[in-house]
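Residue numbers (this note's numbering), protein chains in the order written: chain A, 431 to 518; chain V, 431 to 518; chain D, 431 to 518; chain Z, 431 to 518.
Heads up, none of these hints are tricks.
Intra- or inter-copy, both count: the list cannot distinguish identical chains.
Derived EDC-like pairs: lysine to aspartate or glutamate, alpha-carbon spacing no greater than 16 Å straight-line:
| no. | residue 1 | residue 2 |
| --- | --- | --- |
| 1 | Lys-451 | Asp-465 |
| 2 | Lys-441 | Glu-458 |
| 3 | Lys-461 | Glu-491 |
| 4 | Lys-490 | Glu-502 |
| 5 | Lys-455 | Asp-465 |
| 6 | Lys-475 | Glu-517 |
| 7 | Lys-490 | Asp-432 |
| 8 | Lys-441 | Asp-460 |
| 9 | Lys-455 | Asp-433 |
It should be emphasised that the hints constitute simulated quantities derived from the structure, not laboratory data.
There are 4 protein chains.
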Amino acid sequence: MDDALRQDYVKRINYVEGHLKGVRKMIEEDKYCVDVLRQTLAIRKAIQKLEALMLEGHLKECVLAGVREGREDQVVSELIELYRLAER
Amino acid sequence: MDDALRQDYVKRINYVEGHLKGVRKMIEEDKYCVDVLRQTLAIRKAIQKLEALMLEGHLKECVLAGVREGREDQVVSELIELYRLAER
Amino acid sequence: MDDALRQDYVKRINYVEGHLKGVRKMIEEDKYCVDVLRQTLAIRKAIQKLEALMLEGHLKECVLAGVREGREDQVVSELIELYRLAER
Amino acid sequence: MDDALRQDYVKRINYVEGHLKGVRKMIEEDKYCVDVLRQTLAIRKAIQKLEALMLEGHLKECVLAGVREGREDQVVSELIELYRLAER
Numbered sequence: 431m432d433d434a435l436r437q438d439y440v441k442r443i444n445y446v447e448g449h450l451k452g453v454r455k456m457i458e459e460d461k462y463c464v465d466v467l468r469q470t471l472a473i474r475k476a477i478q479k480l481e482a483l484m485l486e487g488h489l490k491e492c493v494l495a496g497v498r499e500g501r502e503d504q505v506v507s508e509l510i511e512l513y514r515l516a517e518r
Numbered sequence: 431m432d433d434a435l436r437q438d439y440v441k442r443i444n445y446v447e448g449h450l451k452g453v454r455k456m457i458e459e460d461k462y463c464v465d466v467l468r469q470t471l472a473i474r475k476a477i478q479k480l481e482a483l484m485l486e487g488h489l490k491e492c493v494l495a496g497v498r499e500g501r502e503d504q505v506v507s508e509l510i511e512l513y514r515l516a517e518r
Numbered sequence: 431m432d433d434a435l436r437q438d439y440v441k442r443i444n445y446v447e448g449h450l451k452g453v454r455k456m457i458e459e460d461k462y463c464v465d466v467l468r469q470t471l472a473i474r475k476a477i478q479k480l481e482a483l484m485l486e487g488h489l490k491e492c493v494l495a496g497v498r499e500g501r502e503d504q505v506v507s508e509l510i511e512l513y514r515l516a517e518r
Numbered sequence: 431m432d433d434a435l436r437q438d439y440v441k442r443i444n445y446v447e448g449h450l451k452g453v454r455k456m457i458e459e460d461k462y463c464v465d466v467l468r469q470t471l472a473i474r475k476a477i478q479k480l481e482a483l484m485l486e487g488h489l490k491e492c493v494l495a496g497v498r499e500g501r502e503d504q505v506v507s508e509l510i511e512l513y514r515l516a517e518r
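Here chain A stands alone, though its shape is the one from the complex (with noise of 0.2 Å):
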């Protein structure tokens, strides 16, 4: 990973922690539920973009670096089990 990229994504992180923290306070202020849950679908949606960008990157380097040295069913097998979870 380069470190550009990692940077990005832990200022992504660290987005998602203060967003959470947000979160805490409503809920120990006893927020309106619906104002919650808009928080934590977003919060959700922050995650999700974060995601797609690791994805991209590891199809990028890891799966074509993974297919050049012959490890090509160990790859195949760890996407297939990403889409399961994310699917699930």
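Could you slot chains V, D and Z onto chain A? The hints should help.
Relative to chain A, chains V, D and Z alone:
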């Protein structure tokens, strides 16, 4: 929202926050992207579980109260909005 | 369910059925799997759109009627069940 | 795509088509919307299952062939496109 419920929600948020810190560490230490993705997918599931619980509470309390108090239009349009946000 | 609504739902089902026949033809003619997947994903979106419309109708009619008639427990538990089925 | 696989896919499409005809009948006969939604959700799951099988075949055959033939950019960008379509 009753106290026991609120404490359960906060506990779940704390758990997700800890999990997220673990993911950041994995990214900083350049762990294999497939392993990172497995963790972010688990985090999303945990948030989804929290949302299911909050939605259940919302339906049982706020929605029923809303209908009885003549705020049907508001509670129905909020539920439709949440559904759309979740399905996107 | 009013007549206009029912006709709209049937039209949407007919559209999905036609789309599905097209997908079967693509598979029988051994078309490129990525092209087939693009079509099945579009079919799922069309069904999801139909579900959103049906849910909206359900909330506006049956759920409100149910609450007024004292069947809160039934309508709430049905909504929770649908949410769980959809999220799986 | 080998013959056994293609036949399995067609059988799954036929099953979904039959299921869909059942849903149309339910709508025409004005069945309870919750029961209709249970069926459309099951149809979407069946299509999703078919997609998982097609994706698996695609990864094992076309993607590996594509990488070996120097079409990495094409196969990777197609996978990213499918992921985005599925997550929307």
